[in-house]
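In order, the protein sequence lines correspond to chains A and B.
Under UniProt numbering, the first residue of the first sequence carries the number 1, and numbering increases by one thereafter.
Under UniProt numbering, the first residue of the second sequence carries the number 1, and numbering increases by one thereafter.
Treat the hints with care, as some may be off.
Stated by the list, open to error - Straight-line Cα separation of at most 25 Å, SDA-like style, residue types lysine to any residue; simulated pairs:
1. A:Lys130 x B:Gln237
2. B:Lys32 x B:Ile51
3. A:Lys278 x B:Lys124
4. A:Lys130 x B:Phe279
5. B:Lys124 x B:Gln210
6. A:Lys278 x B:Met303
7. A:Lys130 x B:Lys124
8. A:Lys130 x A:Leu216
9. A:Lys130 x A:Thr91
10. A:Lys130 x A:Phe90
11. B:Lys76 x B:Glu276
12. A:Lys278 x B:Pro233
13. A:Lys278 x B:Val116
14. B:Lys76 x B:Tyr61
15. A:Lys130 x A:Pro209
16. A:Lys56 x B:Gly167
17. A:Lys130 x B:Met303
18. A:Lys130 x B:Ile50
Stated by the list, open to error - Now the in silico label distances, taken between C-beta atoms and shown as ranges:
19. B:Val304 x A:Phe42: 29 to 39 Å
20. A:Thr235 x B:Lys124: 44 to 54 Å
21. B:Leu130 x A:Thr91: 30 to 40 Å
22. B:Lys32 x A:Ile32: 58 to 68 Å
23. B:Val180 x A:Asn61: 42 to 52 Å
24. A:Ile184 x B:Ala46: 45 to 55 Å
25. B:Gln210 x A:Ile32: 23 to 33 Å
26. A:Ile66 x B:Ile169: 16 to 26 Å
27. B:Leu183 x A:Asn61: 17 to 27 Å
28. A:Arg201 x B:Arg225: 44 to 54 Å
29. A:Asn153 x B:Ile54: 11 to 21 Å
Said to hold, decoys possible - If you want the ones that stay clear, here's a sample from chain A, every Cβ over 12 Å from chain B, calculated:
30. Phe74
31. Leu83
32. Val94
33. Leu228
34. Val236
If you're looking for bench data, these hints aren't it; they were derived computationally from the structure.
Backbone N, C-alpha and C define an ideal beta-carbon position, used for all residues, glycine too.
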Amino acid sequence: MASTMLLTTGRSTTRRTKPMRKRAGSAALTFITWVLTVGMFFPIAWMVFTAFKTEKAAATNPPTFITQLTLENFEAVFDRGFLVYLTNSFTASVVSTLIVMVLAIPAAYGLSVRPLIRSTDALFFFISTKFMPLAAIVIPIYLLLQNMGLLDNISALSILYVGMNLPLAIWMMRSFLSEVPGEIIEAAQVDGASFWTELVRIVMPIVAPGMAAAALICFIFAWNEYFLANLLTSTVARTTPPFLGSFVSGRGQFLAVLSAAATLAVLPVVIAGWIAQKRLVRGLAMGAIK
Amino acid sequence: MTATAIRPGRVENDGEVKPQRTKPVLTRRERKGLRLARALVWPALAAAIIITQIPFLVTIYYSFQQWNLLRPGDQKFVWFDNYVTVLTNGAFVSSLRATVVIVGASVLISLVFGMVLALLLDRKFMGQGLARTLLITPFLMMPAAASLIWKWSMLDSNVGMVNWALGLIGIDPVAWNTDVPILTIIMVLTWQYTPFMMLILLAGLQSQPQDVLEAASVDGAGPIRTFFSMTLPHMRQYMELSILLGTILLLQVFDPIAIMTRGTGGTKTLSYLLYERAFVGLEIGEAAAYGVLTVLLTIIVAMVALRSLFKIFKTEGTR
C-alpha cells in the first residue's frame with residue numbers, strides 16, 4: 001500500500017530517475033496484483049474450461065488440465081430447452097429496462113434540471129424503496145398474480161423488475177443530468193425551445209453515455225434475478241437463473257453440462273459489462289456523491 | 001442515511017455553489033416549470049408506489065391475519081399474534097444473527113479486499129486494463145451461476161478445486177457446504193462483491209486531485225502519511241457509498257443460500273426464512289410478519305451501522 005502511494009504521487013512528476021529499489025518494489029506490486037487477479041478470475045476460467053470437457057474428465061480428482069475438448073455439453077444444454085429460458089430472460093430484461101428508462105429519464109430530469117421544491121424528499125422516497133427486501137412484498141404479489149392467472153407470465157415478471165430497478169436508474173440518471181451545464185439549458189430556454197426539444201435535442205445527447213450505463217445496470221440486475229423468477233414462473237415463462245437453479249439437485253455426472261449452461265447464461269452480461277466497465281463505475285459512484 | 005448521501009448541503013461543502021432555485025415569489029414561468037417538473041416525476045412515482053409500496057401495505061395487513069393456505073376457511077384477524085409467535089420462537093433471533101453475521105462480514109471483507117485491489121490497480125503497470133477487466137467479472141456473474149459453480153466445481157468435497165489446492169499444501173479436504181456453511185456463503189459473497197467495492201473505490205482514488213498529492217510529496221510527506229491524512233479522508237464518501245450499496249444489495253441475498261446451503265448450519269437469513277415460511281410452510285400471516293420485521297430491521301441496521309461507522313471516520317479524518 002505504501003509504495004502504491006509513492007507511485008501514485010510520482011505518476012506525473014519525475015519519471016527519469018527511478019531508483020532501483022523503487023523499480024523492484026513496483027515489479028513486486030505488479031506481481032501481487034496479477035496473482036490476485038488470476039485467483040479472483042480462476043473460478044470463471046475453470047467454469048469455461050469445464051464446459052468443454054467430457055463429463056468423465058470434468059469429474060476427476062485430481063483435476064484434469066489437459067483433455068480432449070468437446071461441444072457436446074452445449075448441445076445437451078440446448079436439448080433441455082435452454083433457448084426458451086434465454087429468450088424469456090432476454091424479454092424480461094429488455095422490456096423492463098425500456099420501461100424503466102422511459103419512466104426514469106423524465107423523472108430524473110424533473111429532479112435535477114428542474115427541481116421540485118421538495119425534490120430531496122422525492123429522491124429519498126425512491127431510494128428508500130430499494131431498501132425494501134423483495135421478500136417483504138412478494139406474498140401479496142404472488143397471491144394477486146395467482147388470482148389473476150398471471151403466474152408464469154413473462155409480462156408480469158417484467159413489470160416487477162421495473163419496480164426493482166426504477167430507483168437505481170433514477171439515482172444514476174439524476175447524477176448524470178446534474179452534470180449538464182445549466183447555461184446550455186438556459187440558452188435553449190431563452191431561444192424559446194419547447195421542453196421536449198430541450199430534453200430530446202439538447203440534454204439527452206449529452207447524457208447518452210450515462211443513459212447507456214444506467215440501462216445496462218438495469219439489464220444486468222434483471223438478467224441475473226433469481227428470487228422472483230423462481231417463485232413466479234414455472235414452465236412457460238421460466239428464465240435462465242431458476243433453470244440453472246434446477247441443477248442443484250443434479251444426480252450423476254452433470255458438472256460439464258452445468259458449466260456449459262452457466263457459461264452461456266453469464267455470457268451476455270459479462271461481455272456487456274466488460275465493454276461498459278468505466279461508465280458502470282462512474283454511474284454507480286457519482287449517483288450519491290454528486 | 002440515504003438522506004445524508006443526497007442532502008444538497010453536502011454538495012455545498014465541496015465548494016460547489018448551487019444556484020438559488022426556489023424563490024419566495026414565483027413568476028408565472030417558474031410556476032409553469034414547477035408544474036412540468038411535477039408532471040415529469042409523477043409517472044415514476046406512481047409506478048414505484050404501485051409496484052413496491054402497495055404490496056408492502058398489503059403485507060402489513062396480512063401480518064395481522066391468521067392465515068395458512070392449506071386451511072383457507074380459517075382466515076381471521078388476530079392483531080399482533082403473528083408478531084408474538086415470530087418473536088418468541090427461536091427462528092427469528094437466530095436468523096437475525098445469521099443475517100447480521102453474513103451481511104456484515106461480507107460487506108467488510110469485500111470492502112477491505114476491494115480497497116487493496118483498487119490501490120493495486122491505481123498505478124501504471126503492464127496489462128492494467130486486462131487485470132481490471134478480469135477483476136470485475138465476478139460481479140457480473142449471475143449469482144445463481146456463481147453459487148452453483150462454487151458449490152460443485154470449487155468447493156465440492158470430492159472434485160472441488162479448493163480442496164485439491166489445499167491438498168497440494170498438505171491440508172485435509174474440507175466438506176465446505178456442510179461443515180462450514182457460514183464461511184462458505186461469506187466466501188462466495190465476498191468473491192462476488194469485492195469487484196463492486198473495488199470499482200467504486202477506484203473511481204474515488206482516481207478522482208483525487210493530483211496536484212495536492214504532488215504538493216504533499218514535495219513537502220516531504222511520506223506515502224503512509226499521505227495515505228492516512230489525505231487519501232483516506234478523501235475516500236470517506238466512497239467507502240460510505242460502497243458500504244451503503246453493498247449492505248442494501250447483500251441484505252436481499254437469497255440465491256447462494258437457496259442453492260448452496262438451503263438455510264442449514266446458521267445460514268438462514270431473514271429473506272430465506274420468510275421464503276420458507278410462506279412458500280414451503282404456506283403460513284401467510286406469519287411470513288408477512290417476518291417481512292414487516294425484516295423491512296424495519298433492514299432500515300434500522302443500515303442506519304445504525306452507517307452512522308456509527310462514519311463517526312469513526314470523521315474523527316480520524318480531522319485528527
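Going down the list of hints, with the structure as the test:
For the proposed pair Lys130 (chain A) and Gln237 (chain B), the alpha carbon gap of about 20 Å is at most 25 Å, so the pair holds. For a cut-off of 25 Å, the pair hint linking Lys32 (chain B) to Ile51 (chain B) is broken: about 29 Å separates their Cα positions. Proposed proximity of Lys278 (chain A) and Lys124 (chain B) is supported: the alpha carbons are some 17 Å apart, at most 25 Å. Restraint check: the Cα-Cα separation between Lys130 (chain A) and Phe279 (chain B) comes to about 23 Å, which is no more than 25 Å; the hinted pair holds.
Under the criterion of a C-alpha separation no larger than 25 Å, the hint pairing Lys124 (chain B) with Gln210 (chain B) is consistent with the structure, at around 15 Å. With a C-alpha separation of about 30 Å, the suggested pairing of Lys278 (chain A) with Met303 (chain B) is violated against the 25 Å cut-off. About 37 Å separates the Cα atoms of Lys130 (chain A) and Lys124 (chain B), which puts this hinted pair outside 25 Å; it is violated. A threshold of 25 Å between alpha carbons decides the hint, and for Lys130 (chain A) with Leu216 (chain A) the separation of about 18 Å falls inside it, so the pair holds.
Taken as a hint, the Lys130 (chain A) and Thr91 (chain A) pair is honoured in the structure, with Cα atoms around 23 Å apart against an allowance of 25 Å. Between Lys130 (chain A) and Phe90 (chain A), the direct Cα distance comes to roughly 23 Å. Compliance with the 25 Å bound is thereby established for this hinted pair. Of the supplied pair hints, the one linking Lys76 (chain B) and Glu276 (chain B) holds, its CA atoms being roughly 22 Å apart against a limit of 25 Å. In summary, the hint linking Lys278 (chain A) to Pro233 (chain B) is supported, as the alpha carbons are separated by about 24 Å, within the 25 Å threshold.
A C-alpha spacing of about 19 Å is found between Lys278 (chain A) and Val116 (chain B), which places the hinted pair at or below 25 Å, so the restraint holds. Distance check on the hinted pair: Lys76 (chain B) and Tyr61 (chain B) sit about 11 Å apart at the alpha-carbon level, within 25 Å; holds. Pair hint Lys130 (chain A) plus Pro209 (chain A) holds up; C-alpha atoms about 24 Å apart against a cutoff of 25 Å. The hinted pair formed by Lys56 (chain A) and Gly167 (chain B) meets the criterion: a straight-line CA distance of about 21 Å does not exceed 25 Å.
This hinted pair checks out: Lys130 (chain A) and Met303 (chain B) have alpha carbons roughly 14 Å apart, not beyond 25 Å. Restraint check for Lys130 (chain A) and Ile50 (chain B): satisfied, since their Cα atoms lie roughly 14 Å apart, inside the 25 Å limit. The beta-carbon spacing between Val304 (chain B) and Phe42 (chain A), approximately 37 Å, falls within the hinted interval of 29 to 39 Å. The hinted range of 44 to 54 Å is satisfied by Thr235 (chain A) and Lys124 (chain B), whose Cβ atoms lie roughly 53 Å apart.
At about 33 Å, the beta-carbon gap between Leu130 (chain B) and Thr91 (chain A) stays in the expected band of 30 to 40 Å. A hinted range of 58 to 68 Å holds for the C-beta pair Lys32 (chain B) and Ile32 (chain A), which are about 60 Å apart. At about 20 Å, the beta-carbon gap between Val180 (chain B) and Asn61 (chain A) misses the expected band of 42 to 52 Å. Restraint check, Ile184 (chain A) to Ala46 (chain B): a C-beta distance of roughly 30 Å breaks the suggested window 45 to 55 Å.
For Gln210 (chain B) paired with Ile32 (chain A), a C-beta distance near 24 Å keeps the hint of 23 to 33 Å intact. Between Ile66 (chain A) and Ile169 (chain B) the beta carbon distance is about 23 Å. The supplied range of 16 to 26 Å therefore holds. The given range of 17 to 27 Å is respected by Leu183 (chain B) and Asn61 (chain A), whose C-beta atoms sit roughly 22 Å from each other. Our hint of 44 to 54 Å for Arg201 (chain A) and Arg225 (chain B) holds, since their Cβ atoms are close to 51 Å apart.
At roughly 19 Å, the beta carbons of Asn153 (chain A) and Ile54 (chain B) sit within the given window of 11 to 21 Å. The claim that Phe74 (chain A) is not at the interface with chain B holds, since no C-beta of that chain comes within 12 Å of its own (minimum 15 Å). For Leu83 (chain A), the shortest C-beta to C-beta distance to chain B comes to about 17 Å, beyond the 12 Å cut-off, and the non-interface label holds. With a cut of 12 Å on Cβ distances, Val94 (chain A) stays outside the contact zone with chain B, its closest approach being about 16 Å.
For Leu228 (chain A), the shortest C-beta to C-beta distance to chain B comes to about 10 Å, within the 12 Å cut-off, and the non-interface label is violated. Under the 12 Å C-beta cut-off, the non-interface status given to Val236 (chain A) relative to chain B holds; the minimum distance is some 19 Å.
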